[in-house]
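Below are the chains, spelled out letter by letter.
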Amino acid sequence: MNETLHLLVVDDELGMRVSVERALRHYSTHLPEIQHDVDFRVSQAESGEAALALIETDVPDIILLDYKLPGISGLDVLQTLKERKLDVLVVMITAYASLETAVQATKTGAFDFLAKPFTPEELRATVHKTTKHCIVQRQAAKLAEERRQIRFEFLSVLAHELKSPLAAVEGNLFILRDHLVGDTIGAYDHLVNRSLIRLEGMKKLIFDLLDLTRIESGQKKRSLAAVDVCAIARQSIETHGALAAEKHVTVFFDGDQAAQLNADAGEIEIIFNNLVSNAVKYNKDGGSVAISVRDQGQVIVIAVKDTGIGMAPEEVARLFGEFTRIKNAKTMNILGSGLGLSILKRLSHLYGGQVQVESVPDEGSTFTVTLHKEPSLAATGNESAPIQV
Amino acid sequence: MTMSKKILVVDDDIDQLDHVSLILKADGYEVIRAQGQMEGEEALLSTIPDMAILDLMMENMDSGFVLCHQIKKLYPGTPVILLTAVKSATGVDFSPKTSGAANWINADILLDKPVRPEQLRNEIKRLLA
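Respectively, the protein sequence lines represent chains A and B. Our numbering applies: residue 1 is where the first sequence begins, and numbers increase by one. Our numbering applies: residue 1001 is where the second sequence begins, and numbers increase by one.
Since the hints were made in silico from the structure, they are not lab data. Glycine included, C-beta positions come from ideal geometry on N, C-alpha and C.
Per the computed footprint, the stretches of chain A lying under chain B, defined by three or more beta-carbons under 8 Å from a beta-carbon of chain B, are: (1) 156-164; (2) 172-179.
With the C-beta cut set under 7 Å, the calculated list includes, among others, these residues of chain B facing chain A: (3) D1015; (4) H1019; (5) P1117.
The task is simple: from the sequences and hints, build the whole structure.
And the structure:
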């Protein structure tokens, strides 16, 4: 990236201003750490008053500021900059670098000092250092702002997802209160059942959120022990038996009996529960789910294949984001917290693993989770910035 | 009472759609239901509603605004009620801040979800009067 910074030199000596301008005119500095090339546009002011007037219209990025000026002093200028909270780095130029003035200037916010007389090389070295600080600081601020934005969006969507079921239940209660569909209690069965379903969904969201928060904060107490992966798979299939029966979905299981993992049993359970419940929920009536567990030496590979509604490639690409539930006519009435796959991905990362998805619309999806038996040996690729809830 | 006015209700939440429909039907209105922005857009091709009641956050964060804008462009005389569940929860103020934004969004009123039956009735009566 190329960037031009605005540098203002404030000195009552014309010779000093001209030599600074000359030294920086064709100077470009490279910041390898962030692949930035920076050159400079230099402007001049012969007094503190002139400098403040110029700043009104054209805020510099860096100011080389003489300490001793004819009118207001360099320290006065520095004080004004500080009061106005401008994003400017100031390098004080002074021939009388007493400790006292240095301390005072630093307190008022000067970034560095340059003692007169200085060579063009010394000037460039100081400008390089100041530029680096300026750019890095701005990038950090930008990153912090992006994080803040992501967090805000997460919380906005979360608030919406939590409020929706409440609104649905409350709405149903209004209907009941006003006896809007007559005085027969049976007429309200549907509303009562829907309310229960929505509350169940909300409960699930809160639990998922707690899981996610604990994983994110690293505060989830992990107890690692030898875990029988197939036993957990069977247990999870049993847990989802009622849901599968309701949708007439048949679940097949095929596992390598010896498959063992040094893991937290609770985490592996969450992984299976997410996979199995998705495979059932997003299946077609009368469809099937095939679950397999393979011991491949270094890794355990879990695959869950459904005959469900499937997804288009662009939907798959969005799948793992928080709350990016794929909304279309086919998923509209399927309840989900929108956090399940986020949790699945993060948990897999704890085992140096990954999640892959293959999907064909209207034919089904296959989720494959690879978990390392010795997670410490695997490279943990944590690509996304953690979201703190 | 001559109350066979047609009201388009758009919400991606099936329960909210049921909720509003029940209130409207109890009052004798004809209800056209659409689950989501896309269905709402389709419905607008075949019907001219006397009024529209729209959810704000559907497929997109601003689905309700977009749909409202379309309705006001097609049928400037049709009153629009926007429903939102986000307002009080996030502290985000959706009320238009500039007259430009107000003209663009142009909803007649913004109500919190779930809307109380009596409040909805009053607003509908007022807007259809």
